[in-house]
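A.B. asks: The residues making up each chain are set out below.
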Amino acid sequence: MTREALNQHIQQLKDEVLLLGSMVEEATLRAVDALRQRDIEASEQIIEDDMQINEKRFAIENAILILIATQQPMAHDLRLLAAILEVDSELERMADYAKGIAKTVIRMGDAQVAVPMREIASMADKGINMLHQALGAFITENAAQAYQIPKQDDEVDALYVKGYRLMVSAMVANPESIDHGNYVIWVLHNLERLADRVTNICERTVFICTGELLELATNDEDDEGEAESDE
Amino acid sequence: MSDINSSIKDSKVRNLQMAVLSVGKGSQSEETGIAEIKMQTVDLDFFYGKFKALAQINLSIQAKQITAIIGPSGCGKSTLLRAFNRMNDLVPHARVEGKILLDNQDIYAPGVDVVDIRRRVGMVFQRPNPFPMSIYDNVAYGPRLYGINKRATLNEIVEKSLRQSALWDEVKDKLNQSGMSISGGQQQRLCIARALAVEPDVVLMDEPASALDPVSTLKIEDLMQTLKLSYTIVIVTHNMQQAARVSDFTAFMMIDANRAGTLVEFGKTPQIFTNPKNKQTEEYVTGRFG
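So the protein lines, in turn, are chains F and B.
The first sequence begins at -7 in the working numbering and counts up one residue at a time.
The second sequence begins at 1346 in the working numbering and counts up one residue at a time.
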């Protein structure tokens, strides 16, 4: 078999994507934990560690550009590299959601806020679980699995709606909590968006396998009002 | 066009060809995106004596587009290209079965004037092969063969052909110098000018840039983009990146179990290089062949 060098580089890139994915998963779970504990110090650490995720993202992007320039990949190789570029950027954005949650914890300080922690933790678990499956399907190029994963997004959306309603009721009952309550809604929104972005990874898996760029249905057409509380 | 065409003895044949041209339009556009077929092989088999070099080639060449033929060495690319203007007639014991249509007329049919076919389907080879004569005479060679001797007309044809091959500005002050005195890249463009001087419909290019440096290669590739506005181009190349850069359609050939060249996949170039349908094409374009 020819193209050993290209094969090796592609395998390394896949490993790097999995590593970046695990960094995102860890950051998200740590952010939710920091929210649960209202741990400012841990939140600051999450924000600092996000730099490493950004660096990893750029390193992967750079490696892909070099491979395209030096190896002239075609067909499946080209689709795979283009897909990794896209997934690389999706993962970095997901990490920004985790960073956004950490920032929210810092903003809330020690204010008394009713946080729907059960919904938030469950959203994070389901979203990370989806991400884990999606990256597995991506690396193994399993289109059939990639088609199935976005369907789980409905559960995350339902939890979002439940958490959102709880927060609105709490804010109506206690208007003084509106500022901080709003921060909590940002947290819910970030986790909801994280699960949405998993769908994009699944779309790229289908693209690698079939060459088709399809929108995979999640029953969630509302992508507006993207608030990451990051800026 | 008029100078050359009027010198062709049997203009009735040409008129007939023009008339049937419209018949071929759009006949297979759904699958391949081809709008107007200029040349077409129909169940083409090609033999060198008892050896079958091409088997059942069915390929359509779209008018005023660039079609690249790619494939590993020995797959019959050049044999197929040379069949398009009957250059293979010169090979002893070479034999064709099936048809090759040019404007819907079988170029291998009895009574077809081979000289006329080769005028309408010109060829450029791998190594620049200018004749050992002046730049001017190289370009004027073909038109003179067809009986054009008026100096003013020849001047016009030489200038037009050299302009079309993007060589005029570089040689206009030394037209009397030997065609062998200019650089390899310039010689290749001179050979293209020589092919264009007899106003062909189709230009066949057999590895036209493989003996050239990178800058000369890119000049030839740029030139091809201009030429396709007026001519139908078929190029055989080993350089897949070149095929991807220059062509509109790509045909991938391989040898079958009997070592005969077959057409494995044909499609628009972007599709062949980003999402080939055939596993063998995929292996070849990704470099995982053999």
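None of these hints come from the bench; they were simulated from the model.
Check the hints yourself; a few may be wrong.
What the hints assert, rightly or not - Simulated restraints, written as ranges between beta carbons of each label pair:
1. Gln1586/B to Gln140/F: 36 to 46 Å
2. Ile58/F to Arg1633/B: 13 to 23 Å
3. Val1436/B to Leu11/F: 51 to 61 Å
4. Asn1584/B to Ala136/F: 30 to 40 Å
5. Arg1440/B to Ile58/F: 48 to 58 Å
6. Gln4/F to Asn1584/B: 49 to 59 Å
7. Asn54/F to Asp1558/B: 27 to 37 Å
For every residue, glycine included, the Cβ atom is placed at its ideal position computed from N, Cα and C.
A.B. asks: Run every hint past the structure and note whether it holds.
C.D. replies: For each hint, the structure was consulted:
1. Distance hint for Gln1586/B and Gln140/F: a CB-CB separation of about 38 Å, consistent with the stated range 36 to 46 Å.
2. Separated by about 20 Å at the C-beta atoms, Ile58/F and Arg1633/B satisfy the suggested range of 13 to 23 Å.
3. Between Val1436/B and Leu11/F, the C-beta spacing of about 59 Å keeps the proposed range 51 to 61 Å intact.
4. Distance hint for Asn1584/B and Ala136/F: a CB-CB separation of about 37 Å, consistent with the stated range 30 to 40 Å.
5. As the Cβ distance of Arg1440/B to Ile58/F is approximately 51 Å, the hint placing it in 48 to 58 Å holds.
6. Take Gln4/F and Asn1584/B: their Cβ atoms lie about 28 Å apart, and the range 49 to 59 Å is violated.
7. In this structure the supplied range 27 to 37 Å holds for Asn54/F paired with Asp1558/B, their Cβ-Cβ distance being about 30 Å.
Violation of the numbered hints given earlier is confined to hint 6; every other hint is satisfied by the structure.
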